[in-house]
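K.L.:
Chain order of the listed sequences is A and B. In the numbering used here, each residue carries its 1-based index in the first sequence increased by 14. In the numbering used here, each residue carries its 1-based index in the second sequence increased by 15.
Think of the hints as simulated: they come from the structure by calculation, not from any bench. There's no promise every hint is true.
Stated by the list, open to error - Straight-line alpha carbon distances no greater than 20 Å define the calculated SDA-like cross-link-like pairs of lysine to any residue that follow:
| id | chain 1 | residue 1 | chain 2 | residue 2 |
| --- | --- | --- | --- | --- |
| 1 | A | K183 | B | S293 |
| 2 | A | K183 | B | V37 |
| 3 | B | K55 | A | T182 |
| 4 | A | K183 | B | A50 |
| 5 | A | K183 | B | Q292 |
| 6 | A | K183 | B | K55 |
| 7 | A | K183 | B | L40 |
| 8 | A | K183 | B | V51 |
| 9 | A | K183 | B | E294 |
| 10 | A | K183 | B | F44 |
| 11 | B | K138 | B | A233 |
| 12 | B | K138 | B | T149 |
| 13 | B | K68 | B | S56 |
Stated by the list, open to error - A short, non-exhaustive set of chain B residues, derived as facing chain A with CB atoms under 7 Å:
| id | residue |
| --- | --- |
| 14 | G33 |
| 15 | V34 |
| 16 | V37 |
| 17 | S38 |
| 18 | V45 |
| 19 | M157 |
| 20 | F160 |
| 21 | F161 |
| 22 | L164 |
| 23 | P265 |
| 24 | A269 |
| 25 | L291 |
| 26 | L299 |
| 27 | T303 |
| 28 | T310 |
| 29 | V311 |
The beta carbon of each residue, even a glycine, is placed where N, CA and C say it ideally should be.
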Amino acid sequence: MTDLGAEQMIEGVPSFGSPNIPTTAPEGGEVQLLASGWRLALREFLSNRLAVVGLVTLVFFVAFCFLGPLFYHTDQSFTNPLNSDLAPTAGHLLGTDDNGFDEFGRIMIGGQTALEIGFFSAFIATVIGTIYGAVSGLAGGLVDAVLMRFVDILLSIPFLFIVLVLATKYSATIFSESLILGLFSWLVPARLVRGEVLTLRVRDFVVAARIMGGTQSRLVFRHLIPNALSVVIVNITFQIADSILAIAYLGFLGFGLAYPAASWGDMLGNAQTAVSSGYWWLVYPVGGCLVLVVMACNLIGDALRDAFDVRLRRR
Amino acid sequence: MTGYIIRRCIAAVIIAVGVAAVSFLLLHFVGASPAVSALKSRSSPANIAAWNKVHGYDRPLIVQFGSFLWGLLHLNFGYSWFQGQSVGALFAENAGRTAYLSIASLVIALVIALPMGIAQAVKRNSPGDYAATTFTFTLYAMPSFFLGLILIQIFALDLHVFPALVSDNITTTWQAIIHPLQLTLPIVTLAGITVAGFSRYMRSSALDALAQDYIRLARAKGLPQRAVLAHHLLRNACLPMITLIGLSIPGLLAGNLLTETLFNYPGLGLLFFNALQSEDYPVLLSYTVLGGVLTVVGNLLADIAVTVADPRVRLD
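All chains, please: the whole structure from these sequences, using the hints.
P.N.:
Right under this line is the structure:
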C-alpha cells in the first residue's frame, strides 16, 4: 500500500489526478472534483496569502545566503585588522565587523550556518521524535507509559539551561551544535506522533495489515508514520524557527560556533557593545534577517497546520 | 477531587526525581567534578584525585546521586567552590530580584494581553486586528535580547529616558522596587516577549468563547457590550490562560537569563550565566534542577487551578 493509498482510505475519496481538470456539472447538482489529501492540502496552502509570503521570504533568504556569495565576493578567511568597524560604504555595503570582515558577506555566510543548523537540528529532532512516538503509541500499555513519562521528565528540564550547559563544551561545529539542539527538541514531535498513532492504530487498514502478518516495523514505517506525516511536517517548520532562535541565544551568550565560523547568533555576540558604540550595521541587519526567517517559518507552519486540518478545509 | 490531586502530586514527585536524575547524569557527563574550579591553578592530576577523594567525587555515581538527592530534600543545594559560598545562599541572595522581575513582567504581560486578545477577537479581521497580529507575530519571532537591544537603542541611547544597564547600586529587591526607572527596560523586554505568546492564545480563546450560546443569550437579553465582555466573555476566555501561565515558567526562566545578562541585573539568570563561564557545576546543576522542579510545580498548580475554576473539566 502506498502513502497515497493509505490517504485515500482515510478520506474515503479516490484520486482523480490533477485537481485542475475541468468538470461539467452532472445531473443531480454541482459536484466538486476531489483530489487526494496531499493535493488538497497543497491547494489550501497556496491559497493562503500569508503562507505564500512566508514561503517566498524563506526561499529568498536561502537563495541570498547560498547563491549571494557567487555574486557579492568577499574575503571571509583573511582580514585586515585596520579595516575593523568601518561604516557602510560602496565597497562594504554594510561596513565591516570587529575583525574587519565585510558584514554584508558575513551575513550570507552566517545565514548559511544558521539555516544549516536550523534544518539539521529539526531533521534530527523529527527523526528521533517520529520513531519514538510511533513505537510508544503502537506498543501501548506499560511500555507506552514508561516511554512517555521519560518525555515528561525531559520536557520539564528548561531547554535553554541544559542546552547551554552542553554548549559550553560541545557547540564548536555546525554538526555538534545541531546535535545538541536536535537531541533536546524531539519531545514535542514524539508526543504529537504518539497521539496520532493512538488514533491510527485501531483503524481498519492498520488492523488489516496486522492480520495479514505485517511485522511491527512494517506497521510503523509503512502504515503509521506515513499517515502521521502531516503533523510531523507542520512541526518541522516550527522546529526550524525554534532552532534558529536557540542559535541566536547561544551565540549572544557566547557559547556558539568556534571562531572564525559564525552563525547569525554568533554575529550578535558583541551586539551590546556594538549598539553602545553606535555600530548599528553590526546589529540590526543580522537581527532583522534572523527575525524575518523565524517569522517566515512560523507563517509557513501556521498555514500548513490549517491546510492539513481537514475540519478547516473548504470542500 | 482529592483523589485526583493526590494522583497528580505523586506523578509530579516522580517526574521531579526524574528531572534531578537526568540533569545529574548530563552534568556529570559534561563536567564530573568541580575540582578544577575549586583548585584553580593548583589543579594537577594528583591534586584533583586527592580533592575528589576528600569531597566524595570518587564514589560510585549512584551514591553521589543519592547524596545529591538527599541534600536537595534538605534544601542543601551543594557548595560553589568557585564563589566560596553555598549554592543555597547564592540562590537566596538572588531569588528575590529575579522573582520581582519575573512577576512584574508576567503581571504586565497579562494586563496587556488579556484585553488585547479580547479586543482583537471582537474586532477580528479589522485593520486594528491585523496591526496587532503583525506586531505580536514579529515579537514572537524575536530573540528577547534583540528586543532589549532595540529598547536600549531607543530609550537609553537616543532618548536618554532609562539607563542602558541596571545600576550597580541596586543590591536588594527593595531597592529594585523603589527605583522603577532602573528596571523599566528589563521588565518591558520580558513582558514584551511574554505578551507575544499570550495574546495569540487569548485571541483564539476569545474567538472560541464568542461563538458560544451563552454569549448570544447575554446579548439577546439586552446586556450592553461592555457587560457581555467583562462578565461573560472574560472569565470563560481566561480558562485556557491558566494552563498557559503554568506552562510559561520555562520561558520566563530563559527570558530572565537573557534579560538579566543583557541589562547586567544581578539575579538567578545572571548567576547561571556567570556559572556557565566559570564552569561552576554545582550552581549549574542545582539551578537546572530548580528550574525543572518549578516547571513541574507550575504545571501541577495550573492543572489543579483549572479543575477548581472550571467545573466542566472531567477528572480521569
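K.L.:
Could you run down the list of hints and mark each one as holding or not?
P.N.:
Structure-based check of all given hints:
At most 20 Å may separate the alpha-carbon atoms for a hinted pair to count; K183 of chain A and S293 of chain B meet this at roughly 12 Å. For the given pair, K183 of chain A sits about 18 Å from V37 of chain B by alpha-carbon distance, which is consistent with the 20 Å threshold. Our distance criterion of 20 Å between C-alpha atoms is met by K55 of chain B and T182 of chain A, whose separation comes to about 18 Å. With a CA separation close to 17 Å, the supplied pair K183 of chain A and A50 of chain B stays within the 20 Å bound.
Restraint check for K183 of chain A and Q292 of chain B: satisfied, since their Cα atoms lie roughly 11 Å apart, inside the 20 Å limit. A distance of roughly 18 Å separates the Cα atoms of K183 of chain A and K55 of chain B; the hinted pair therefore holds under the 20 Å criterion. The hinted pair formed by K183 of chain A and L40 of chain B meets the criterion: a straight-line CA distance of about 16 Å does not exceed 20 Å. Distance restraint check for K183 of chain A and V51 of chain B: the Cα-Cα separation of roughly 15 Å lies within the 20 Å cut-off, and the hinted pair is therefore satisfied.
Taking the CA atoms of K183 of chain A and E294 of chain B, the gap is near 10 Å; set against the 20 Å cutoff, the hint holds. For the proposed pair K183 of chain A and F44 of chain B, the alpha carbon gap of about 11 Å is at most 20 Å, so the pair holds. About 18 Å separates the Cα atoms of K138 of chain B and A233 of chain B, which keeps this hinted pair within 20 Å; it holds. A threshold of 20 Å between alpha carbons decides the hint, and for K138 of chain B with T149 of chain B the separation of about 15 Å falls inside it, so the pair holds.
Our distance criterion of 20 Å between C-alpha atoms is met by K68 of chain B and S56 of chain B, whose separation comes to about 19 Å. The restraint placing G33 of chain B at the interface with chain A holds, with a minimum CB-CB distance near 4 Å, inside the 7 Å limit. The beta carbon of V34 of chain B comes within 5 Å of a beta carbon in chain A, closer than 7 Å, and the hint placing it at the interface holds. Taking 7 Å as the C-beta contact cut-off toward chain A, the hint placing V37 of chain B at the interface holds, the least distance being around 6 Å.
Annotation: S38 of chain B was flagged as interfacial toward chain A, and the flag holds, the nearest CB pair being 6 Å apart, inside 7 Å. This hint holds: V45 of chain B has a C-beta 6 Å from the nearest C-beta of chain A, less than the 7 Å allowed. Interface restraint check: M157 of chain B against chain A, minimum CB-CB distance 5 Å, threshold 7 Å, status holds. Hint status for F160 of chain B: holds, given a least beta-carbon distance of 5 Å to chain A, under 7 Å.
For F161 of chain B, the interface hint holds, since its Cβ comes within 7 Å of a Cβ in chain A; the closest pair sits about 5 Å apart. Because the beta carbon of L164 of chain B sits about 5 Å from the nearest beta carbon in chain A, less than 7 Å, this interface hint is met. For P265 of chain B, the interface hint holds, since its Cβ comes within 7 Å of a Cβ in chain A; the closest pair sits about 5 Å apart. Using the Cβ-Cβ criterion of 7 Å, the hint placing A269 of chain B at the interface with chain A is satisfied: the shortest such distance is roughly 4 Å.
Nearest Cβ of chain A to the Cβ of L291 of chain B: about 6 Å, under the 7 Å cut. The hint holds. Satisfaction of the interface hint for L299 of chain B is found here, the shortest Cβ-Cβ separation to chain A being roughly 5 Å, below the 7 Å cut-off. At its closest, the beta carbon of T303 of chain B sits 5 Å from a beta carbon of chain A; the interface hint therefore holds under the 7 Å criterion. A distance limit of 7 Å between C-beta atoms decides the matter here; for T310 of chain B the minimum to chain A is near 5 Å, and the interface restraint holds.
A distance limit of 7 Å between C-beta atoms decides the matter here; for V311 of chain B the minimum to chain A is near 5 Å, and the interface restraint holds.
The earlier numbered hints are all upheld by this structure, with none contradicted.
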